[in-house]
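Protein chains in written order, with my numbering: chain D, 1 to 154; chain C, 155 to 584.
Hints are computed from structural coordinates only; laboratory data are not their basis. A couple of the hints might just be wrong.
[As the list claims (entries may be wrong)] Quick look at which bits of chain C chain D covers, simulated, 3 or more residues with Cβ under 8 Å:
1) 405-418
2) 520-530
[What the hints assert, rightly or not] Subject to a maximum C-alpha distance of 30 Å in a straight line, what follows is the list of computed DSSO-like cross-link-like pairs (lysine-lysine):
3) D:K84 - D:K145
4) D:K130 - D:K145
5) C:K579 - D:K130
6) D:K84 - D:K49
7) D:K130 - C:K256
8) D:K124 - C:K579
9) D:K49 - D:K145
Glycine is no exception: its CB is placed at the ideal position from the N, C-alpha and C atoms.
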Amino acid sequence: MDLETMYQEIILEHYRRPLHAGLRDPFDAQVQHVNPTCGDEVTLRVMLKDAGSEPVIADVSYEALGCSISQASASVMADMIIGKTVGEAMLISDEFLALMQSRGEAEPDEDVLGDAIAFAGVSKYPARIKCALLGWMAWKDATAKALSMTGEQV
Amino acid sequence: MTAVAGRSRAEPLDIDAIRSDFPILGRAVRGGRHLIYLDSGATSHKPRQVLDAERDFYTTHNAAAHRGAHLLGEEATDAYEGARARIAAFIRADPGEIVFTKSATEGVNLVAYAMSNAATAGPHASRFAVGPGDEVLVTESEHHANLVPWQQLCERTGARLRWFGVTPAGRIDLSGIDDLINGRTKVVAVTHQSNVTGVVPPVAQIAAAAHEVGALVVADGAQSVPHQPVDVAALGADFLVFSGHKMLGPSGVGVLWGRRELLEAMPPFITGGSMIEVVRMEGSTFLPPPDRFEAGVPAAAQAVGLAAACDYLDALGMARVADQEEALTGHALDALAAIEGLRVLGPLDTQDRGGAVSFVLDGIHPHDVGQVLDELGIAVRTGHHCAWPLHRALHAQASTRASFYVYNMYDEVDALADGIRQAQKFFGTA
Numbered sequence: 001m002d003l004e005t006m007y008q009e010i011i012l013e014h015y016r017r018p019l020h021a022g023l024r025d026p027f028d029a030q031v032q033h034v035n036p037t038c039g040d041e042v043t044l045r046v047m048l049k050d051a052g053s054e055p056v057i058a059d060v061s062y063e064a065l066g067c068s069i070s071q072a073s074a075s076v077m078a079d080m081i082i083g084k085t086v087g088e089a090m091l092i093s094d095e096f097l098a099l100m101q102s103r104g105e106a107e108p109d110e111d112v113l114g115d116a117i118a119f120a121g122v123s124k125y126p127a128r129i130k131c132a133l134l135g136w137m138a139w140k141d142a143t144a145k146a147l148s149m150t151g152e153q154v
Numbered sequence: 155m156t157a158v159a160g161r162s163r164a165e166p167l168d169i170d171a172i173r174s175d176f177p178i179l180g181r182a183v184r185g186g187r188h189l190i191y192l193d194s195g196a197t198s199h200k201p202r203q204v205l206d207a208e209r210d211f212y213t214t215h216n217a218a219a220h221r222g223a224h225l226l227g228e229e230a231t232d233a234y235e236g237a238r239a240r241i242a243a244f245i246r247a248d249p250g251e252i253v254f255t256k257s258a259t260e261g262v263n264l265v266a267y268a269m270s271n272a273a274t275a276g277p278h279a280s281r282f283a284v285g286p287g288d289e290v291l292v293t294e295s296e297h298h299a300n301l302v303p304w305q306q307l308c309e310r311t312g313a314r315l316r317w318f319g320v321t322p323a324g325r326i327d328l329s330g331i332d333d334l335i336n337g338r339t340k341v342v343a344v345t346h347q348s349n350v351t352g353v354v355p356p357v358a359q360i361a362a363a364a365h366e367v368g369a370l371v372v373a374d375g376a377q378s379v380p381h382q383p384v385d386v387a388a389l390g391a392d393f394l395v396f397s398g399h400k401m402l403g404p405s406g407v408g409v410l411w412g413r414r415e416l417l418e419a420m421p422p423f424i425t426g427g428s429m430i431e432v433v434r435m436e437g438s439t440f441l442p443p444p445d446r447f448e449a450g451v452p453a454a455a456q457a458v459g460l461a462a463a464c465d466y467l468d469a470l471g472m473a474r475v476a477d478q479e480e481a482l483t484g485h486a487l488d489a490l491a492a493i494e495g496l497r498v499l500g501p502l503d504t505q506d507r508g509g510a511v512s513f514v515l516d517g518i519h520p521h522d523v524g525q526v527l528d529e530l531g532i533a534v535r536t537g538h539h540c541a542w543p544l545h546r547a548l549h550a551q552a553s554t555r556a557s558f559y560v561y562n563m564y565d566e567v568d569a570l571a572d573g574i575r576q577a578q579k580f581f582g583t584a
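Work out the full structure: start from the sequences and follow the hints.
The structure is reproduced here in structure tokens:
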């Protein structure tokens, strides 16, 4: 690869100007996740709202310390899932996880993944996959916490 | 050893000849580029002499050492015990004081667990016992391998963990030594060369103060034994741990050196076969050291490989190895100092400093620096290098580390500096 394949312009844009960054109130649950091999960390808050049949993600806010991949991934994620139902966001999350575990073999589905397809090149580098997943794993964890407090199931 | 034999001590190392002994240095990496390996602090490469020795053990003598009523068992035992003697000579120790472990990490754990096991091991082991009111002293610059086992010892026994801080230059701050080393101090664990800053602390001075109050001293030699001449008598410590794989040897073998009278009184850590004297259903007695600390079938092939690594390094001459690395480190510090927005963690000169150079760059995370360098064929380490508290103390979330060994060249250091500038260009920070 050349570096541009991995560091797509979308990734560098989100890294330089992360969307929805900073921790905000109110929130239902907060988690802190770290990548113990490099010390990267993210603190992430989730706010859900009841919208009839399914909870909707009202806000995702975060503070991330880490490399361009982990920061950009958190930014892309927050931008994509805010406003979606938890179920819709879980589908995107599963698709993104599958892409990251594909070793560069998967054909990413832009209809599902949107800007997150920019991370396809990362999946060829096992050492960086955790970076791309850090924010997503924190969001899943925070959402599970938020739902368990309200008695809902993921 | 033909490629390295026959040089006088005055000559510098013949790097080309050395490189020809390391098959892996000939391979291509990403994009067909030459490998520039600057990660020997994590693990070193192995010369064919070491690979041949290990293979020769398996193809000719393989058997379980210290067992078996057959010729191969005898030869395997001789090879294993011969390796012990060879490694002892490398650090000017007595073979009976060399305990094979699987790693430096296991060596530290062996001592730390022996100390908590001492509580129930009888009066002869009392000098190892720790409990509430006792203190365990470490430094803020330790690798996790020489920190976490001591934290755990304190948690198991109720002893209190204390530590030397570090100065802004990454040296160990000894200003509080009179308070930190006191009548309650039972053990002092200190690195003999930092894997992040390269700092070589005054172990002998710390050990002298510790011995005045009757404390034991454990030195972490994982980064020193491969890179500088080490004489355990001059070191001043009571225990020294190191790993084979960082000194041209195989993975899976390490060494704990300990003073004989201490090893003799010390209770075991891992128990089982090979370390027992008499076993009855009601209880067992244990062999004298070093066997007492080597339960299970030993890693004889790996020990033989490590002995071959000692042969290789001694043929080069450890003083010359250290000189060569000091020169290369000086060159790296100069080259990095010329890069704007770069901060080296640790001393900026080579005084009492080994060949690990860690740095941070304004506006670029180490992972991203490492990715750009990898694209250029340059292998470095990124992250906190198993020294998280040290990074915190030096106000770095993580860093990029270049570390050198006998096969590294000035050109490779220059390529590193160029690569860092390319990273700055790519991420638009310079």
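Against the structure, the hints come out as follows:
1. 405-418: violated (count 0)
2. 520-530: holds (count 6)
3. D:K84 - D:K145: 18 Å, holds
4. D:K130 - D:K145: 21 Å, holds
5. C:K579 - D:K130: 26 Å, holds
6. D:K84 - D:K49: 11 Å, holds
7. D:K130 - C:K256: 29 Å, holds
8. D:K124 - C:K579: 24 Å, holds
9. D:K49 - D:K145: Holds - the C-alpha atoms of K145 (chain D) and K49 (chain D) are around 14 Å apart, at most 30 Å.
Violated hint: 1 only; the structure is consistent with all others.
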